[in-house]
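*Asks:* Sequence:
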Amino acid sequence: MRLFSPKHQKLVNQCYPSGRTPDKKPKSSETSYLLYYVNSRRSKLEKVSTYLVKRTNVDLNHRRIGNVAVTLELMHDIVEHCKENLNVFVKDFLSIMTKILSNSNVNNDVGIIELVEETFSSICRNVDGAMSGGDAEFIQMYQSFKELYFQVVRDILHNDDLLLKGCIDISYTTDLASSPQINHFIARSVTYALEKFVERHPRYNALDLDSPTDQNIGKSLSKVQTKTAGLDDISGADADLSIKTLQAYFTTTETDKLTLSIRALLGFLQGLPNKDLLQFICNGIPVQLRYIVVILLIRQLTDSDKKSDPVISLKLISSLLVSDVSIVGLSIMDMMRKILNFQLNNLSNHEVVHQCRRTIADLNYKIYYRGQTADMLFELELKLQGTKTESEEAVLVKDVEELLSHMTTPCIGLELFLNLAPHMDREGTLRLFDAVDDRTSGGNLLFRFFQRIGEMSSPQDEQTLMQLVFQKYKSVALLSGLNYFTEHTSEPSNAYYCYHLEAAHFLKMESYQRKVEQKKKNQDLFTKDELLSFYSDDKTNKYSKKGFQILVSNPHQLSTSDLISDNQIQRPGVFPELNGNRRNSINGGNLSGNDSVRGGSINRSLNGHGPADLHSWRGLKGSAPKVKDLKRAISSPKKDISSRSNTLRGSQSVKSKVTNITFLLSELKSNDDEKSQIYEPEEDQAAVLDKNDIARSSSMKLTPPPTPQKNFNATTDSLLPGASQDDFQDAKEEVSFANSKGHIIAPS
0 MRLFSPKHQK LVNQCYPSGR TPDKKPKSSE TSYLLYYVNS RRSKLEKVST YLVKRTNVDL
60 NHRRIGNVAV TLELMHDIVE HCKENLNVFV KDFLSIMTKI LSNSNVNNDV GIIELVEETF
120 SSICRNVDGA MSGGDAEFIQ MYQSFKELYF QVVRDILHND DLLLKGCIDI SYTTDLASSP
180 QINHFIARSV TYALEKFVER HPRYNALDLD SPTDQNIGKS LSKVQTKTAG LDDISGADAD
240 LSIKTLQAYF TTTETDKLTL SIRALLGFLQ GLPNKDLLQF ICNGIPVQLR YIVVILLIRQ
300 LTDSDKKSDP VISLKLISSL LVSDVSIVGL SIMDMMRKIL NFQLNNLSNH EVVHQCRRTI
360 ADLNYKIYYR GQTADMLFEL ELKLQGTKTE SEEAVLVKDV EELLSHMTTP CIGLELFLNL
420 APHMDREGTL RLFDAVDDRT SGGNLLFRFF QRIGEMSSPQ DEQTLMQLVF QKYKSVALLS
480 GLNYFTEHTS EPSNAYYCYH LEAAHFLKME SYQRKVEQKK KNQDLFTKDE LLSFYSDDKT
540 NKYSKKGFQI LVSNPHQLST SDLISDNQIQ RPGVFPELNG NRRNSINGGN LSGNDSVRGG
600 SINRSLNGHG PADLHSWRGL KGSAPKVKDL KRAISSPKKD ISSRSNTLRG SQSVKSKVTN
660 ITFLLSELKS NDDEKSQIYE PEEDQAAVLD KNDIARSSSM KLTPPPTPQK NFNATTDSLL
720 PGASQDDFQD AKEEVSFANS KGHIIAPS
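One point on numbering: in numbering that gives the first Met the number 0, the residue at position 633 of the sequence shown is 632, and numbering is uninterrupted.
Please note that the accuracy of each hint is not assured.
25 angstroms max Cα-Cα, derived SDA-like pairs, lysine to any residue [to be verified]:
(1) 306 to 340
(2) 520 to 450
(3) 538 to 474
(4) 471 to 429
(5) 337 to 310
By construction, these hints were calculated from the structure, which means they are not laboratory data.
The model shown is predicted, which means the values in this text are computed figures rather than measured ones.
Between the sequences and the hints, there should be enough to build the whole structure, so can you do that?
*Replies:* Next up, the structure:
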């Protein structure tokens, strides 16, 4: 023994109690001073760790188990108090622990192995990512120690608690998943934890993929009974080490570690498929990351190593989708495309084809957005259009039928129905039509629908589908069908008579029904006059005006809004009183001679293409506008008037006339009936006048009393029926411009 030993050796030796008992503890006061000493300078810390390596070798050779226990506790304290400089001594400590595990004198001592685990746990909690991700020597020593540790506790001691504690320690290592040399310990730890979990909870230790989901987990796992419990629901006394280990790997937001853990879980489920186990663990994964489970299950379908059974993977996907596990962020269409491609690539395997079909339907169990079902059916339609063989088409048609069988509410459009219907049989077509919602579709789609009815092989199917379309679209089906069958029927057909029979039932007109039956018996077609007789009285047929319009006017001028709107505009040529046979006069509420307007034409011009643009001009329909009508019309937003100006048709005279009316309407806003004021433009705006501006200014100019030829009080009945509507002219008066910053000055 040396008389003069270095100070760091003396301080370390003073921490050891005397004697050879195996349950020694380091002296507390000496240990505190040693920790103060190593914290003072980094070089002293390195000297202490080096000396501990030498002393451990001596103690192991002399079987001083008590001294080895003191060394391990000193190492644990040094790690906790000197974590900032852990990289200085961590390799020496890993070397000491490896020697202890490999020494046959102590590797059967459970107490020593527990101290080794505690020290390793403190190292894993405090090591930084630079060591575990980039230090090759540290990675090699870490791997050697952990391999030896698992061998001792699993194969020699058979101690499950030490095994699970070692697995938990691995989960604490920072950036372990990013190191390809040692990240396999994550999968191994998860596998060990799952093995011990199913041993301790036999409910999950059975093949279970098809039985109904049990909503109760059991009191031994959780006190929560209202839903399927998850890892995040179990804590405290209810959680054993196997559950805590699973929580360490799955209840985390570290996506790299979580992905490796889920891969290990799915590999375990391939050997022991149990949907309850999958749901139990998924409920412990953060909700925003649960979609990773489904993605990895789908990737198993195309794994090149073929280690997984695709049927098991598909059943696990289905069980997760139909469970109460909340999953967000799923890309339904991407997953559907991958499953469809896998299905079409394995047409010879009927079990795979069938399970793919079930899983596609289960994808729609969780609705993430309104048009999800329609998008899925549209994807199947695209596949049907590009199909190359009859076998592929048959599989895809069954996929459509399976998806429809799980639908509860109509959610697809008529266009999608028309595209899918040619591939479906009778029952499939009717079921597909039940999935069509009652939103009004375009007129061309309804025409295609009636054409589709006429192409059906069975008269009974035609009648059934005609009944369904009237039930779904009601008045739209009535008017669209009237438009279609009037213009596109040149010879008798069963669909023709089915339409008129359903129209008679819809209108509740027995005379119409008897006429249809007679026509069908004689194989005759309705004439327009015969149909007009059923659309002549609005008391017996509330759709008489619209039906009359369809039968008399050009059907190509009708839009979908014409058939839907209750405030249907009457087009020129349909009702004679709107054909411009009368003139109105405005002068403070009356039309002047130069401002004569054809009632039907001015409505047509301002309306554009549909009645939706007419809400501010309804006062002009059918009679001369009154002042209160013009005031009500001008209350509509200015942007509507500006948008209508783009649709004005006719000569420049007509445009000038409409401009004058527009200006007069704006003047009616004023409460002053004695004064008319022209608003001046802003001073910073350029004084640019177009023809409409000149006409607008001129319309406010004081004019002499009218000549006897143009009577201000002339009624519309005094005008000739055939009088021209373009006999007015643009304003001819000159407008003087003064240098007043762009202001318009009307001539006196």
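*Asks:* Give a verdict on every hint.
*Replies:* Evaluated hints:
Restraint check for residue 306 and residue 340: satisfied, since their Cα atoms lie roughly 20 angstroms apart, inside the 25 angstroms limit. At most 25 angstroms may separate the alpha-carbon atoms for a hinted pair to count; residue 520 and residue 450 meet this at roughly 22 angstroms. Restraint check for residue 538 and residue 474: satisfied, since their Cα atoms lie roughly 16 angstroms apart, inside the 25 angstroms limit. The suggested pairing of residue 471 with residue 429 holds, with an alpha-carbon distance near 13 angstroms, which does not exceed 25 angstroms.
The suggested pairing of residue 337 with residue 310 holds, with an alpha-carbon distance near 15 angstroms, which does not exceed 25 angstroms.
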